[in-house]
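Sequence lines, in order, name chains A and B.
Using UniProt numbering, you'd call the opening residue of the first sequence number 1 and step up by one each time.
Using UniProt numbering, you'd call the opening residue of the second sequence number 1 and step up by one each time.
These are computed hints drawn from the structure, not numbers from a lab.
Incorrect hints may have been included.
Treat identical chains as interchangeable: a pair holds within one or across any two.
[Unchecked claim] Within a straight-line C-alpha distance of at most 25 Å, the following computed DMTMM-like cross-link-like pairs (lysine to aspartate or glutamate) qualify:
hint, residue 1, residue 2
1, Lys89, Glu170
2, Lys97, Glu211
3, Lys51, Asp162
4, Lys89, Glu136
5, Lys116, Asp224
6, Lys51, Asp216
7, Lys89, Asp17
8, Lys86, Asp119
9, Lys4, Asp162
10, Lys90, Glu136
11, Lys175, Glu113
12, Lys97, Glu87
13, Lys90, Glu20
14, Lys116, Glu146
15, Lys192, Glu20
16, Lys169, Glu20
17, Lys9, Glu211
18, Lys116, Asp162
Small disclaimer: the values here were computed from a predicted structure and weren't measured.
Protein chains: 2
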Amino acid sequence: MSMKAISSKDAAALDKDLMEIGGFSLDQLMELAGLSVSQAVYRVHPPSAGKNILVVCGPGNNGGDGLVAARHLAQYGYYPSIYYPKEGKKELYQRLKTQLHNLSVPFVPDFTEALKSADLVVDAIFGFSFGGPLREPFPSIILQMESTSVPILSVDAPSSWDIQAGPPKEGPGAKFMPQTLISLTAPKPCVKYFTGRHFLGGRFLTKSILEKYGLDCPQYPGVDQIVELGVDAEGRL
Amino acid sequence: MSMKAISSKDAAALDKDLMEIGGFSLDQLMELAGLSVSQAVYRVHPPSAGKNILVVCGPGNNGGDGLVAARHLAQYGYYPSIYYPKEGKKELYQRLKTQLHNLSVPFVPDFTEALKSADLVVDAIFGFSFGGPLREPFPSIILQMESTSVPILSVDAPSSWDIQAGPPKEGPGAKFMPQTLISLTAPKPCVKYFTGRHFLGGRFLTKSILEKYGLDCPQYPGVDQIVELGVDAEGRL
Numbered sequence: 001m002s003m004k005a006i007s008s009k010d011a012a013a014l015d016k017d018l019m020e021i022g023g024f025s026l027d028q029l030m031e032l033a034g035l036s037v038s039q040a041v042y043r044v045h046p047p048s049a050g051k052n053i054l055v056v057c058g059p060g061n062n063g064g065d066g067l068v069a070a071r072h073l074a075q076y077g078y079y080p081s082i083y084y085p086k087e088g089k090k091e092l093y094q095r096l097k098t099q100l101h102n103l104s105v106p107f108v109p110d111f112t113e114a115l116k117s118a119d120l121v122v123d124a125i126f127g128f129s130f131g132g133p134l135r136e137p138f139p140s141i142i143l144q145m146e147s148t149s150v151p152i153l154s155v156d157a158p159s160s161w162d163i164q165a166g167p168p169k170e171g172p173g174a175k176f177m178p179q180t181l182i183s184l185t186a187p188k189p190c191v192k193y194f195t196g197r198h199f200l201g202g203r204f205l206t207k208s209i210l211e212k213y214g215l216d217c218p219q220y221p222g223v224d225q226i227v228e229l230g231v232d233a234e235g236r237l
Numbered sequence: 001m002s003m004k005a006i007s008s009k010d011a012a013a014l015d016k017d018l019m020e021i022g023g024f025s026l027d028q029l030m031e032l033a034g035l036s037v038s039q040a041v042y043r044v045h046p047p048s049a050g051k052n053i054l055v056v057c058g059p060g061n062n063g064g065d066g067l068v069a070a071r072h073l074a075q076y077g078y079y080p081s082i083y084y085p086k087e088g089k090k091e092l093y094q095r096l097k098t099q100l101h102n103l104s105v106p107f108v109p110d111f112t113e114a115l116k117s118a119d120l121v122v123d124a125i126f127g128f129s130f131g132g133p134l135r136e137p138f139p140s141i142i143l144q145m146e147s148t149s150v151p152i153l154s155v156d157a158p159s160s161w162d163i164q165a166g167p168p169k170e171g172p173g174a175k176f177m178p179q180t181l182i183s184l185t186a187p188k189p190c191v192k193y194f195t196g197r198h199f200l201g202g203r204f205l206t207k208s209i210l211e212k213y214g215l216d217c218p219q220y221p222g223v224d225q226i227v228e229l230g231v232d233a234e235g236r237l
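Okay, chain A solo, but in the shape it has when bound (with noise of 0.2 Å):
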């Protein structure tokens, strides 16, 4: 199964019809969004694989779905840790915060240190709204990320790749290709520059929103809320 891709712009008018028209809470897409990231980490590394999770999150939503998944991944009986180095204003960051600190998920004030003793690092920093240029210290974050060994599962694009072309000319970014990517709602077209496992997330469209953005409708199987694609429900390629 393969899926329409669906530009930056279209993105964020599709999820202000989500709310607006489509009578979400952000609370509600983000925790959605974010168990769906939890359940694609649980699928491409099992807390067997190795249970130390290095969650970086970005300043906006994209952080704030990190934040959720490494919630549920606490959950599952991983070892989270956050690395959340400019912190969003939205209230509900602060909420989603409390409840990692309740689960006692620390938030880790080095990502080279905590990089050492990661089994993955789930790369929750930019999603479909990130522009550009990358400002301190995510300029040597995604450094550290090209080179490192430990796989990495991105949330909704690899960060520092522009969303319509892809990976950058030079500079960091450039060689930054992350094992896993999660898509929301639908993939971004930079998919096409990615080589990984690639899943999708977001199990609350409705048929008039598919049409709209003239998406496909993706095949979820039973009552996961995650889907692979370029694999169908019953996992054949």
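Place chain B on chain A using the hints.
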């Protein structure tokens, strides 16, 4: 696996703690509770067993859980319909209704008529805060749920049952025994009168909340939002 029960008063205090100390919003908690209900439906009654699910919603948060569950059931490929004779006033319930309207999930005016074509009924009328007495139209609904051959899954408690003392001695509910019950966050004392399949949902408790209320830590398997009580994580009795 069995699990200690929580009183109605403690269940209310626990919900308050989750929001006031835990940083959760009602939107988030209801999303996860309703999601767990939908997973229990799928477990006991997969779509191949019949897709017409009649969700009966009461005026409070139990009804809200039912509305969320119905949305997820629609996403799983079921044909849910909603009977919602006394709508609650919270703005959230209106938004949950909008989400269902946008999925073309019908709100039906006649329970008796809807029951004729139902393959399963979700009883989301009353939860842990029920203190009786039943007011119309619910006595009639309970009587029909008592005598129907359509299987019933109750959310948090069989509606009409006293949360402490179980089924009423006489009148509507005296012979009400749903096939399935999903307890949310923790079983209520009335479960000792329940003889069907019993699930637990609400995978968001922290160690400190479990300790504060003297609850056991349930072992949810994998990424599941439900665990069957009386059966361990590997499915053994």
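Going down the list of hints, with the structure as the test:
In this homomeric assembly, Lys89 and Glu170 never come within 25 Å of each other (Cα to Cα): the closest approach is 31 Å inside a single copy and 56 Å across copies. Taking CA atoms no more than 25 Å apart as the test, Lys97 paired with Glu211 passes between copies only; the shortest distance there is 21 Å, against 36 Å inside one copy. When the C-alpha separation of Lys51 and Asp162 is checked against a cutoff of 25 Å, the pair qualifies neither within a copy, at 31 Å, nor between copies, at 43 Å. Taking CA atoms no more than 25 Å apart as the test, Lys89 paired with Glu136 passes inside one copy only; the shortest distance there is 18 Å, against 47 Å between copies.
Taking the shortest alpha-carbon separations for Lys116 and Asp224, neither the intra-copy value of 32 Å nor the inter-copy value of 30 Å comes in at or below 25 Å. In this assembly of identical chains, the alpha carbons of Lys51 and Asp216 lie at most 25 Å apart only when taken from different copies (23 Å versus 35 Å within one copy). Taking the shortest Cα distances, Lys89 and Asp17 sit within 25 Å of each other both inside one copy (22 Å) and across copies (24 Å). In this homomeric assembly, Lys86 and Asp119 come within 25 Å of each other (Cα to Cα) only inside a single copy, at 23 Å, whereas the closest approach across copies is 51 Å.
In this assembly of identical chains, Lys4 and Asp162 lie within 25 Å of each other by CA distance solely inside one copy; the values are 17 Å within and 52 Å between copies. Only within a single protomer do Lys90 and Glu136 lie at most 25 Å apart by alpha-carbon distance; the minimum there is 21 Å, versus 43 Å between protomers. In this assembly of identical chains, the alpha carbons of Lys175 and Glu113 lie at most 25 Å apart only when taken from the same copy (22 Å versus 62 Å across copies). With identical chains, the CA atoms of Lys97 and Glu87 are at most 25 Å apart within one copy only, with a shortest distance of 10 Å there and 33 Å across copies.
With identical chains, the CA atoms of Lys90 and Glu20 are at most 25 Å apart both within one copy (18 Å) and between copies (18 Å). Proximity of Lys116 to Glu146 under the C-alpha cut-off of 25 Å is restricted to the intra-copy arrangement: shortest distance 14 Å within a copy versus 60 Å between copies. In this homomeric assembly, Lys192 and Glu20 never come within 25 Å of each other (Cα to Cα): the closest approach is 31 Å inside a single copy and 44 Å across copies. For the homomeric pair Lys169 and Glu20, neither the shortest alpha-carbon distance inside one copy (38 Å) nor that between copies (48 Å) is at most 25 Å.
Only within a single protomer do Lys9 and Glu211 lie at most 25 Å apart by alpha-carbon distance; the minimum there is 16 Å, versus 47 Å between protomers. In the homo-oligomer, the alpha carbons of Lys116 and Asp162 never lie at most 25 Å apart, since the shortest distance is 28 Å inside one protomer and 54 Å across protomers.
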